[in-house]
Every structure is written in structure tokens, then in C-alpha cells.
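> In case you want the letters, here they are:
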Amino acid sequence: MIRAAVLLMLALPAVAAPKKAAPAAPPAPVAPPIPKPVGPDRTTPPPVAAPSPLHHADPQVFDLGAGRKLWFVPTPGARKVVVQVILHAGTHELEGWSSPQTDAASELWGVATTRHGASELAAELALHDINLSTGIGWHDAWAEIEAPKEELDTALSLLDDVLRRPVFTGAEVARYKRETSYFLTLAAPNDLETASNSALGHAWRPADAPYGARPDLTALKKLKPSDLATRHAALLAAGPVTLLVAGDLDPSTAVARFGKLVEGLGADKAAAKAVASPGPTSGEHLVLVDVPGATQASIRLRTAAPPLGHADSVAFSGVDWALGGAFLSRLNSNLREDKGWTYGIRSRYGRDVANGTWTVSVMVSNENVGGAVTEIRREIDGIAASGARADEIDAGWRDRVGTWNNTFRTAADVSGLYSDLATTGRTVGVRLGDLDQFAKLSPADTQRVAAQWFGQARVWVIAGDRSVLEPQLQSLGLTPTVVSPSDAVLGRMSAVGRP
Amino acid sequence: MIALLAALAATPTASAEPLTAAQVHRLDNGLTVILEEDHRTDEVALHIRYHVGSRDEGDGLHGCAHLFEHLMFEGSRNVGNNKFDEWLTAAGGANNAFTSEDQTAYHMTFPSGALDLALFLESDRLGFLDAGLDEANLTNQKGVVLQERNEGFAAPHGRDWDALVALQFPPGHPYHVSTIGTVADVEGFSLHAVQDFWRTWYRPQNAVLVLVGNFKSDEALAKVRHWFSDMPDLGAPPPRLTAAAPIAKPLNPSRGLLTDDVEDRTVYVSWQAPPVGHADLPALEILSWVLNGGQGTRLDDALYYDKSLTTDVGVYAGPSEIDGMFIAYATSERTSLKKLDAAIGKVIAGLTKSPPTDAELKRAKVAARSGLLDQLEHPESRAELLADCQYRKSQANCLDQELAALEAVTAADVVRVASTWLKPADRVALSVVPKGDEKSALSGSTLVELP
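Order-wise, the sequence lines are chains A and B. So the first sequence is numbered by the numbering used here: it starts at 1 and just counts up by one. So the second sequence is numbered by the numbering used here: it starts at 1 and just counts up by one.
Hint data in this document are derived by calculation from the structure and do not stem from the laboratory. One should not assume that every hint holds.
Derived coverage of chain A by chain B (criterion: at least 3 residues anywhere in the stretch with Cβ under 8 Å from a Cβ of chain B; other residues may be distant) [stated by the list, open to error]:
(1) 48-56
(2) 119-126
(3) 190-197
(4) 291-304
(5) 317-331
(6) 339-348
(7) 441-455
Please read these numbers as outputs of a predicted model, since none were measured by experiment. Where a beta carbon is used, it is the ideal one built from N, C-alpha and C, also for glycine.
Construct the complete structure from the given sequences, taking the supplied hints into account.
Here it is, written out as C-alpha cells:
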């Protein structure tokens, strides 16, 4: 509502006491002065009504039999169509917790097929404006095309080739081996942020734990195209299949048009799921990746967090928002806006159905490392003591509603949401329930979960010049385990906080 | 046959819907306002562009335009310190900004119900920033900007761009110093200089405001008029700094060296390219896709896919308002820079003997068109494109013409622009090598002193 203040000033004629005389002529009328134009009222910001979450439709689900389902999501007005084949099985179901062959298969799947060599496939995709992407994760795999509606038939034909008749060539495998080795042995150890990220993963989980596998240069050298082809063939029969279609299309033709894409694929069994693989449970630990001569330091902090679907998950996402989820989150307000120590500090709440982690990332100059650690601790302890404020919770909710409400902007946005539902086993209703729960969070809810989860282990990883950083950190009670950048990247280090 | 021809003649050609159909208005105070409705979601994007960048700084002020961008978020007369972000975030909005050598842009997205708030915030800092320009904010943001610079420079290849522009644009050219500026200048900025910068460049006549999203145009225009009504016309800004003379060729030095904490070697080969608005730009853009559009394109195949000479190869074609750049680069930990440089030269020289085929041209045009259409689907990038058009062509709805120009490019055009702009004698080459490995640079390379 715009409040407009309009001031009118009327000059009133002076009134004198009447005298006993002939009545004076009435004064000539005085025209009111022209009102001054006034600008907008800037005394308070205009109010903004609270948004309402849209009730997106559930996908139209068609059962294709034998563990295969088609999810159709109408996206009116979308220029492009997304067709994604999701195989609900992945690396773990193929070969357990060590994965060099499947990592390579993930990277090289979609490069060439029996019908098109690598160059020809790239040209076909480019000429028809088709984006093709593929990947194999721990518990699922996907092959997807995004194409203009008028190119859909061509796109489906190419997707079918990639799904059923991929070719892993010797040349591509050789390139993959060379570049992966270069990355692991040269590029990654030379980059502070990559080295700190790598070390964090290895510090959090032991090598023999689920998801803890280290890079294996020996296995990399031995890779053969036949290994990848074998993995791929097994993948196609390893689990159930969801075929997701999002676009401005007629649903009545969906089964006829798309169903044959997944004919004969998959298996009628339960979808693979993540398994619990927790980090350390107590203590505050520090790994220092020594990079002599570095003038900046890359800081990471990780704590445990609730898995997806846990009773604390929604409240914890409110904690994450307040601490590091926006420009004026507590961490960024503190370290950047108040102190000027960093270009940006952020946090990320990562979770699946079995695990959750919360990670802070920041880069600061050497002289500010001790201060940064102190302030990060202060902000975490502060929210664990008092919780997020009501205005912080409200801002976090509005951000989520905005993202949710903008889902049907493009087919790619739509497929992002619905593929997440397909792989996590959640529904539109559950996601709306989360939004509703977030709206009702209280500061006390966030205080409780912050105290609970931040009271467990904290794992710091800092990459920088040990000679400058170690004294600062030791003065804060942190004694580091020191590793080289190479060891950090290759995982030649132990997880922390384990007996 | 006559009947068929008649039928074809009688069939009207279906006119394609224009890519954009924005309204353009100009307020009494000189502010240009561009509006385009998009009701697919309840989102509004606001993009305001000021025609000022690092080219306008001059000696002693390098980095001022970018530092000033930071200060625009520190509060204004009616918006307290940090309240800009706080209030917009509380309304469900997000925002950011960027500074280039030619322009400074501020952009935000928010639910449609926050349009008045967004306009209140944006107009307040255009017209009344003085209250937020104080020593405390200046000191704080100097620290942030210098840390931004340090973080960027600490990353491998973080200084490459600065070295390349210093080599390509000689001292005295407005593009010689990159937008991040110099430590000495940033540290030395006075409050007076910053206030002067605001009064000089941040005025309605020097701004274009774009709104794309869920609103009715007449209502949105009324709101814009309302919130910018207390901003007088301050006139046109002063003339901008420009190059004193055309860049003399060949450039001297033409080969530069940068050593860094990197584990590989990179060669950047760069040419002066035409400025914004030049007739050769569409053909140069098509050329960049012919060279570097993935497997099956010329530079990518020659250096990466077919011969595995590099770990990374790329082309950048970037027009700017004074002079543009056309850059080809390649990185390797094992192939000599001499060999990489020669391979790049051979591919470009090969265009004359072997012009782009129809398939290459078509692929390049599909890529260029697709990129444009993808950007148009998002209100934020759509607003940016409309602002670009207004600055380049004084015509917000210029994209149809620009796309038509790209579609009209022929193989002969591509060969011609390559011959005109990518002459071997006119190029500069920057070698970026590990510290201590100077001998692996191209011969005759002179150390580039970063400003």
C-alpha cells in the first residue's frame, strides 16, 4: 500500500475586528496556492504481503510394468522438453564401495554409440540443439535429453542409442585416464580450495566406510573399455526405472511416444537407497593441508546434520539459512560486512535419506585465519544458545517459497524438482508439508536442533601455509594433523575422531 | 507449374513472433525505462544499468567503479546500513551486481508483491546515496574489495586476465588496467573522490531501468514514475574517457610472460577486435563457434580431441565499447607453448584455404541461437539482454535484428573477418608458466608488470 502524504497549505486572510463604519467590500477571493509536487513517502519501506506456496500437481504416473514407471509433468508454454531415464541403482549396486570403473563409465557414457562415433554424435546433438547428459551416482544413474519440441523425435532416437548401445572407445578411455591422473596429481593439489575440499571428505569418513573410497591411481591405470561396457550393461538391469517427461505435450500420447524408450530395461525390485555412514561423533578436530608460501587460506568446517526426512531436518534448514544461506546471513555479515575479511562465506546443508552434513566454506588472508575460526565458532555457539530469530526464519521461508513457486518456468526447472522427488521417494505433498513446517518454526525449534547437532563432532580442514597458520590455531586449542596437498587429494590420510 | 507458383505466392509467409516486445519509456528526469511482461511465474526481475565502468576511472582511481558498486549496498538516506539486502531478502528477493570496463549493472529478482519495495530501494540509492557514503563504510568495503582481489589472484590462473589486458591494451588505454584496480589506488580512495564519482555518473540520464516479469505494464510504469519522481534531471554525464589514438600495430611488446603458482603452461593469443556495434561482430561470433564449439569443431579437434595436445582449449570473443578482444588459448602440462601457439595459428590460417562448410555454419548458428533463446527464458537474463540492446543500439527490441544478422553470416564473411582482424602480425601472445620455468615461455616474451 502506498501511503501518500499530501500537504495543503492554505493562506488565510488576516481577520480584523469590525469597526462601526460602512461595511467594507468583501475581500477579493485568494486563489489557493498550487500544491507543491511531493515525492514518494520514503519514511518506511513499502510492506510486502507474504507469498503463498503454489500447489504443484503430482506427476501423472503410468505403470509400464516390470518395475518401470512413466512420470509425465505437463509444462505449458515450455519451449523445450526434458526426457530423463532414471535407473534406481548405481555404483554401489554394481561393485560395492570402490568405484574406479563406474566413475569412468559415468564420465564416458554418452560420448559415442554404435551408430555415431564421438565426433558425429557431438555434431548431431549440436545441429539439433539437443543437450545430452548422463551420470552414474552411488545409488542411481540417469540419461537425459533436453531439446526443443520440434527436435524431440531426433532427441529420443539419440537417447535410445546412448541408453542401449553406448561405445566406450580406447581413445576416450585413454584421455579419461590421462586427465584424471593429471587432475589428481597436479591440478587439484595446486589449488587451495580443491585440496581443502578433498581433505574434508577424507577426514570425515575412513577409506573402508561407505562413500569413503579414495582415488585409486593403480586401478585407474588398468582401466579398459571392456570394464566400462560390462558395468553399463549390468546397470541397465540393476534396478527399477522411472522415465520422467516434462514439456508442453499431450499426456494422452505419452505412453505410446515414450514408453518404448525403456522397454526391456530395469528390474522389478526395490530402488536402491543410501546407507548410513556417519562422521566422527565427538570432539573438535583439525587437518592442516600445508601449502608453503600460500598467502591465503581455505577454511572448511563440517558437522553432522539431520538426514532427509528426519524430524529435525526442516528446523535445521532454518539454522543453515540463518547462519550461511544468504548474503546477510550471520557468517557473511560478520566476516565480510563487519570485518572485511572475505569476499564471501557460505554454508551448505547436504543430505540424503541416510546421511546429513553441514559445511562452511571461506577463504581469508593468513593473518585472519585465527580470527575467522573464532568468529565461526562464535556464530555457531550463538545460534545453539539462542536459535534463529523470527525474522530470519520468515526470510528463509520466503526464499524457499519463491524458489518453489518459480518451478514451472522451464522444462529443466520442472525436471529438476520431479527427478529429485523420484530419486528420494518423496512427493509434492511432502515438500509442501516441509514448507508449511518451515513457516511454523519457532526460534526455540532452531535452538534445540542447533544445540543437538552442533554439539557433536566438528571437523576443520584448513589449507594454507603451516608455518604461519599453526601458531594461530594452536592458540585456539586446535592441534592439527598435517598432510601434504598430494596426500589430501589422494586420501593418503586417516579420518579423524575414530578410535 | 503456374498454379503451384501461384499457390506459393499466395501463401503468406508466417511471421515469427518477435523475440522481445518490450515497451520503452523515458521519464522527465531522463531515466529510460523498459518493461516486458512475463506471467509464467510470479517473479519479477529488475536490472538497472549505469553507463560507467573502469574505463572512466583514470590514473589514481583504478578500481573506483567496482568499489563504488560495493558501496551502493551500504545504505542511503532512507535505507540504513545493510538494510538494502535485509529488506529485500525479507521479501523473498535476491540481488547482485557486476562492473565491467564499460558499464555497471545492479540486478534483483523478487516476488511480484515486492515491486514497490524494489523500486523504493533502487531509487533511494540512485538519488540519495550520500547518507551511506561515509568513512566507516568506505574503509570496510576497501577491505572487502582488496580481499576479493587477493582471493582471485591466489587461485591458479587468477591473474591471467589482468596480464592479458595489460598486454593487449597499452598504458594509457582505458582498458589497460582491469576492473579490479590496483592496491595502491583502492587503498588511497578518499571519501570525497567517491562522492564525486556518484554525483558524476549516477544520474537518471545515465541509467536504464528494466523490469521483466509478472506485472501489468501500465501499473509498473506508474510505480516507476512514482518512486523516481523526486529525482531531478541532473543532465547528461560528462564525456567518457576513450583511447587517445587507435592502438598502433604491431603492438610492442607483442609477447608477454607471467609466472604464477601453476602446474601447467598456458598460451593466450589475442587480437584487437571490433567494438560494440561493428558490422563484423556477427561473423566473428560465428567464427568463435566454428573454432570452439565442442568435439567436431576446428580448434577443439586440432588441439584436444584429435591430437590431445592440451587439457584445455578455448576461444573468447568479447566486444567492448572502445575496442574488443578475440582470444584463443590453450593449456598443457606437457606440450610446449611453441607447439600450442603454432597449432592455434595453423587452424586460423587454415580458414582461408578451407572455409567453413555448410554444416559448420549451421552448427555455429544453432549454438548462437540456442544460447540466446535459453537466456530469454529467464527473466533475469532477459532483462540484461534488453538493457544490452538499449545500450548497443538505443533500441531495446534489437535481438531479432541481431539474430537475423547472425543467420545471414556466410562462409565468405567468416573468412573475411578472420583475414581482417586475426592477422598474425597484429596479435599478442601471453605465456603463463610456473615460477622458475620462464624458459618455457614463447621466445622473446617480456615480463608483464601488473599495475
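> Can you name, in rising order, the numbers of the hints this structure does not satisfy?
7
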